[in-house]
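Novice: Assemble the complex: chain H is given as a structure, and chain E must be docked to it using the hints.
Which chain is which? The protein sequence lines are H and E, in order.
Number 298 in numbering that gives the first Met the number 0 belongs to position 299 of the first sequence; there are no gaps in the numbering.
Number 316 in numbering that gives the first Met the number 0 belongs to position 317 of the second sequence; there are no gaps in the numbering.
Derived from the structure by calculation, the hints contain no laboratory data.
The structure displayed is predicted, hence computed values, not measured ones.
One or more of the hints may lead you astray.
[Said to hold, decoys possible] Capping the alpha-carbon separation at 27 Å, the derived lysine-lysine pairs in DSSO-like fashion look like this:
no., chain 1, residue 1, chain 2, residue 2
1, H, K257, E, K399
2, E, K257, E, K291
3, H, K231, E, K240
4, E, K257, H, K319
5, E, K124, H, K319
6, E, K566, H, K231
7, H, K399, E, K319
8, E, K462, E, K584
9, H, K257, E, K319
10, H, K319, E, K240
11, H, K399, E, K240
12, H, K217, E, K399
13, E, K124, H, K240
14, H, K403, H, K638
15, H, K217, H, K291
16, E, K462, H, K399
17, H, K462, H, K449
18, H, K217, H, K159
19, E, K436, E, K449
20, E, K240, H, K240
21, H, K240, E, K399
22, E, K566, H, K240
23, E, K451, H, K240
24, H, K399, E, K257
25, E, K124, E, K28
26, H, K124, E, K462
27, H, K319, E, K566
28, E, K403, E, K566
29, E, K231, E, K217
[Stated by the list, open to error] Per label pair, the in silico range of CB-to-CB distance:
no., chain 1, residue 1, chain 2, residue 2, range
30, H, D635, E, Q246, 51 to 59 Å
31, E, N602, H, G15, 56 to 64 Å
32, H, H227, E, S594, 51 to 59 Å
Glycine included, every Cβ here is placed at the ideal spot set by N, Cα and C.
There are 2 protein chains.
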Amino acid sequence: MAYPQEIFGRTTLTEGSLVARRREAVASKALSYQLDVLQKTGRYDAFKLQWIPSYGDPPDHWPIPNHLFWDSDIGKWIEGACYFLHDHPHRDIQSAVDELTQMIASAQQPDGYLNIHFTVVEPGKRFTNIRDFHELYNAGHLIEGALAHNQLYQNDDLLKPLVRYVDLLYDTFGPNEGQLPGYPGHPEIELALLRLYHRTKNPKHLSLAKYFLTERGKLNAKGEHYYHLEAKRRGEEGWMKPSFWGQTDAMWYYQAHKPIMEQETIEGHSVRAMYLLTAASDLVRLEDNANKPLKDAIYRLWDNMVQKKMYITGGIGAIKQWEGFGPDYFLPQGTDEGGCYSETCAAIGVMMLAERILQYDLDRRFSDVMELCLYNAMLTSMSSEGTKFTYVNQLASSDKDLSKREEWFTCACCPPNVLRLLGQIGGYIYSHFEEQKQLNVHLYIPSETKIKSGCQETILSQKSNWPWDGQIEFELRGESSQLSVGLRIPAWSKNWKVTPSPPTTTLEKGYLILPADWVSAHPRFTLDIDISPRFIAPHPYTNQDTVAVARGPIVYCVEDIDNTWVKDHFKSVQLDPASASVHEKFVTDETTGDSYTALTITNGARILDVDRINAQPGLDVGDLQSEEGSQSGVLDELKFVPYYFRANRGGSGQARVGLKRWHRSK
Amino acid sequence: MAYPQEIFGRTTLTEGSLVARRREAVASKALSYQLDVLQKTGRYDAFKLQWIPSYGDPPDHWPIPNHLFWDSDIGKWIEGACYFLHDHPHRDIQSAVDELTQMIASAQQPDGYLNIHFTVVEPGKRFTNIRDFHELYNAGHLIEGALAHNQLYQNDDLLKPLVRYVDLLYDTFGPNEGQLPGYPGHPEIELALLRLYHRTKNPKHLSLAKYFLTERGKLNAKGEHYYHLEAKRRGEEGWMKPSFWGQTDAMWYYQAHKPIMEQETIEGHSVRAMYLLTAASDLVRLEDNANKPLKDAIYRLWDNMVQKKMYITGGIGAIKQWEGFGPDYFLPQGTDEGGCYSETCAAIGVMMLAERILQYDLDRRFSDVMELCLYNAMLTSMSSEGTKFTYVNQLASSDKDLSKREEWFTCACCPPNVLRLLGQIGGYIYSHFEEQKQLNVHLYIPSETKIKSGCQETILSQKSNWPWDGQIEFELRGESSQLSVGLRIPAWSKNWKVTPSPPTTTLEKGYLILPADWVSAHPRFTLDIDISPRFIAPHPYTNQDTVAVARGPIVYCVEDIDNTWVKDHFKSVQLDPASASVHEKFVTDETTGDSYTALTITNGARILDVDRINAQPGLDVGDLQSEEGSQSGVLDELKFVPYYFRANRGGSGQARVGLKRWHRSK
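One chain only, chain H, in its complex shape (with noise of 0.2 Å):
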């Protein structure tokens, strides 16, 4: 076992495919970018623990300070920076992880306590709103970034701090008289004290996370909720709601309206439910797959999150208001028809989700999914240059919401938390069962990665244009390791083939499991997957009736800069996919030097003329069917680019992933 943010050092990405670009993009110019806009927004001082201006305006949210995340954001950049650091030596940027290390390191208080917020604003209000103030979020992002850096340094001159913070929550937090019995409003210290606890093996790591898991959404022995009793100490009235809990009580926002094991679907915050879940399935792995109800909760979170509340894109949260999850099926794809949110953050949770339950449930239904929002919904959060950034990422825009990416946010997780993925994904690429001898490999990246068993050495490579291309070459290399290899089949791929033929092609949950001695008998072989471009569609609960296209891995969108008569932001676009002719043509585009396979729709789509449907709450069927159905206003061609690529390349804004469905007229 182990995790991809200590594993990831041991795969190579080959130079070019487009995950390495953007990992270059990121080691280039996001880094050095984001450091900069750390600096002059006055995060990067801000440890130095003076009082910066901007503290006393008022909250975007009530009531939380604007300020209030930036520990994390801190943290955040540094965890990543020591991931690309470990491959891109930079000197600037390390000079930059060295003098916050300090800056932090001295930013620590005398008993151990370690935040901007309740150190120079509220002094004396610790640990008085851990449901709004993300004073633990904060703490579990800069032990993540102390582990990044610890790894890196392979000094505890960030970690030290840190492990001493921890040991006042530990103190602070818990069942026992004169503790508080709480839990943070938003996950996130449960996945890093879990992770730090692999690394310094002392149980009190493990066990207040445990007790974080465990406590949260009970009520104590008198009914109450610790949330409600810490509002109530703080003199809070019930009417005073913050905007996003909607109109309830909405203890569900925090993923504390019930014990996780209790929850029959996902709700909520969606960027929390996936931190909460990653340390819950973390837990399950720890504990030898045995928490049976926990897991069994997991799946059931999980099961309903992608079949009910999941976008194409693989975008997660419908609902702005409390960027999270809408009732089941509902999944519009913008602004302008009710909503849709799709935050970055929550694409990364998703992924780091699927990628703990991999640890113990080798399923592609989870490595589908990863993939899915690793190509879409994560990707398409950065530019192609790696300045510009996206929060919310919506499969339609509208004048409202324009497709762009922005420099920066208020509230700026999104921007580091790419970094922060892309600096690990080598170690998303592949898990390595050490006890079945078994290397499996999730994620088709050009890549080499390195298993050492005792003091063997063994290299497997794979060879590919993915996503481009769905021929892999894979290769294994070094001492004869009996290793068997696990492949993973996506769902989506009609068609695939091994050559040489292998002795099997019945898949286990999706992978094609090639035995060690097969392999040692063929270190190289080739798997083809058919990546030809397919229509895809939401669920018809989800009452879209679109259609999108996608190749392989790859959702497509429309954009006006390619499709440049559109006005509508392609809502009244109608594409048939039994009709359709689909052009493919690998393309590099000359703004930004990115390569793809950009797709040419021919015959299959027309433009709805609604100027013909005379508006009114009730139309008549059959005059909506002769217009829908009309052979009339055929498009010679609609042209189509990866979703990711969106935004990249100037115009107007305008794009859309899934196409009203032409009911072509037989």
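Specialist: Structure of chain E alone, referenced to chain H:
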């Protein structure tokens, strides 16, 4: 020109029709039932100005105390009662009206002020929160009650105190030094003041109404919004937002984001919007149709509403949180599909607005919608017996929100509004354009109406079994009056015929105008309207892809009591309008004694086997279409009842109007 509230008595409904039966239910049951509730809940005695324990309850929706609407509940009940006492004398109802009149008069403060909350609970805080505290809304409903009382009893017992109160309001609000330059958060008093002016001809009453209507949504010379200034004076911080604002500074909730004339789309709380536009339309009429910018704005907002924000039942308001309008075309059918509000009062408001516009613009686009609302969004709100009511009228039930009526509501605006509307419904059927000597028939409800012109009396009667039968027999009796008759030909009717043959069949904005000499020559004539069942659908941009059944003005639904196999609120039922056979049967229901035309569909409906759809973020379109278009699972029959009739016969509360369209494979 006349108000329906004043002229309803000219029209006598024939016994036995659907609307007459519902009026009868109000007269015999609802009035007494509601009086009983008013007494039990403390509302009845509240004008005695004693402290009532529930005044101390925490508000359901901060900052609005739950009892804040009580004045209006009483005002509306009195108003409704007076309309019914006109032709349904009732000793207990009459004594209650008398006693309430005395209590209200005696509650008036020395300076004319008249409001329960600010006399008993927060004296000294008058007019400090006209944004949320419904003070002027309450005054409006009391004025309307007093006008009805004055008309019935021909005395000033109730009207006089209200006129005194209006004097105080006239002095309090306005642009002058020492006055408050504000306007009510919930429009209502504007339309009441215009009606009051019609009775009193007191220019102050017109002037105050105009002030409220034109000041609304403006910023002062310093660019400040009145509601912001008011909140500041109350010491409220910017983050203290009522939860019904969503996440914005929701001036749009109050129709106060812009002056009416500058509004491009209909937004915010739907009842407030309708009440405001009703007053605005009345002002247009009063100013002889000369205020073109205001008239244009009303038409623009009407069109936006009807074309893009109205359910096929005539209901408006998709969003529960602010009881109002969502984005264009966002019209899910129920809670589990993203929301549906369709408040009863809002449907009544649409009827009020349509009626006002019809006074100066005889166009069926207003009267068609008025009839749609009457028979569907409005009538569905009261049980056949008259003792149960709805507030919200969703088009599809869900486990969370079953299709059922309630006995009462904390915020009880809807039940007494139904009484008011049905009380004066006679005033909605016809309009008399005196100058043109033209009598217009907007609604086909069996009835006769008397027109006096000088000392000539003319009676127009219509006999039919509408809405179950499309044949209407008219007869004009009385002295030869040279009266032309305008007949609304509903837009949904594909065939219609007048016998004997009229001089023209050309419609003027959807009305057939029968000239006076033709009517003199043919005082008996028949209109036949084709009311064959038809299939209707919402606009394609609603992303609903549903189809519903209508017959004449009646929209139908399916209910579990007739289709007992249903388990999923008819979510999986697909309907193919092209192949469906619709069977009609006029039935009399045993439980309620109500008669209606029941519909049964054979051959055109099936159950989508969702279990055969592999739920995942991107379904294969081929697989999906094969299941969606499948010929299996066809239902022997699917039974429909009028939507207004739902939830009258028991059952488990499952109902649906729009069914998924079955794109049957050919």
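Novice: Now look at each hint and say whether the structure bears it out.
Specialist: Okay, the hints, checked on the actual structure:
With a C-alpha separation of about 19 Å, the suggested pair H/K257 and E/K399 falls inside the 27 Å cut-off, and the hint holds. The hinted pair formed by E/K257 and E/K291 meets the criterion: a straight-line CA distance of about 18 Å does not exceed 27 Å. Taking the CA atoms of H/K231 and E/K240, the gap is near 19 Å; set against the 27 Å cutoff, the hint holds. Distance check on the hinted pair: E/K257 and H/K319 sit about 25 Å apart at the alpha-carbon level, within 27 Å; holds.
Annotation: proposed proximity of E/K124 to H/K319 is violated, straight-line Cα distance about 37 Å (limit 27 Å). Straight-line distance between C-alpha atoms of E/K566 and H/K231 comes to about 43 Å, which puts the hinted pair past the 27 Å bound. In summary, the hint linking H/K399 to E/K319 is supported, as the alpha carbons are separated by about 22 Å, within the 27 Å threshold. A hinted pair counts as satisfied when its Cα atoms are at most 27 Å apart, and E/K462 with E/K584 qualifies at roughly 21 Å.
The straight-line distance between the Cα atoms of H/K257 and E/K319 is roughly 25 Å, inside the 27 Å bound, and the hint therefore holds. For the given pair, H/K319 sits about 17 Å from E/K240 by alpha-carbon distance, which is consistent with the 27 Å threshold. Distance hint between H/K399 and E/K240 is fulfilled; the C-alpha atoms sit about 23 Å from each other, no more than 27 Å. Simply put, H/K217 and E/K399 have alpha-carbon atoms about 24 Å apart, close enough for the 27 Å limit, and the pair holds.
Between E/K124 and H/K240 the CA atoms are separated by roughly 24 Å; this keeps the pair inside 27 Å, and the hint holds. Straight-line distance between C-alpha atoms of H/K403 and H/K638 comes to about 19 Å, which keeps the hinted pair within the 27 Å bound. A C-alpha spacing of about 19 Å is found between H/K217 and H/K291, which places the hinted pair at or below 27 Å, so the restraint holds. At most 27 Å may separate the alpha-carbon atoms for a hinted pair to count; E/K462 and H/K399 exceed this at roughly 52 Å.
Taking the CA atoms of H/K462 and H/K449, the gap is about 15 Å. The hint holds against a cut of 27 Å. Simply put, H/K217 and H/K159 have alpha-carbon atoms about 33 Å apart, too far for the 27 Å limit, and the pair is violated. For the proposed pair E/K436 and E/K449, the alpha carbon gap of about 14 Å is at most 27 Å, so the pair holds. Proximity of E/K240 to H/K240 is assessed by CA-CA distance (about 9 Å); at most 27 Å being required, the pair is judged to hold.
The hinted pair formed by H/K240 and E/K399 meets the criterion: a straight-line CA distance of about 23 Å does not exceed 27 Å. Simply put, E/K566 and H/K240 have alpha-carbon atoms about 36 Å apart, too far for the 27 Å limit, and the pair is violated. About 59 Å separates the Cα atoms of E/K451 and H/K240, which puts this hinted pair outside 27 Å; it is violated. The straight-line distance between the Cα atoms of H/K399 and E/K257 is roughly 18 Å, inside the 27 Å bound, and the hint therefore holds.
In summary, the hint linking E/K124 to E/K28 is not supported, as the alpha carbons are separated by about 39 Å, beyond the 27 Å threshold. For the proposed pair H/K124 and E/K462, the alpha carbon gap of about 77 Å is over 27 Å, so the pair is violated. Only pairs whose Cα atoms come within 27 Å are accepted, and H/K319 paired with E/K566 is rejected, the gap being roughly 31 Å. A C-alpha spacing of about 16 Å is found between E/K403 and E/K566, which places the hinted pair at or below 27 Å, so the restraint holds.
As the CA atoms of E/K231 and E/K217 are separated by approximately 17 Å, the hinted pair is consistent with the 27 Å bound. Judged by the Cβ atoms, the range 51 to 59 Å given for H/D635 and E/Q246 is violated: they are separated by roughly 43 Å. The supplied range of 56 to 64 Å is met by E/N602 and H/G15, whose beta-carbon atoms lie about 59 Å from each other. Look at H/H227 against E/S594: about 54 Å separates their beta carbons, and that is inside 51 to 59 Å.
In this structure, the earlier hints numbered 5, 6, 16, 18, 22, 23, 25, 26, 27 and 30 are contradicted, and the remaining ones agree with it.
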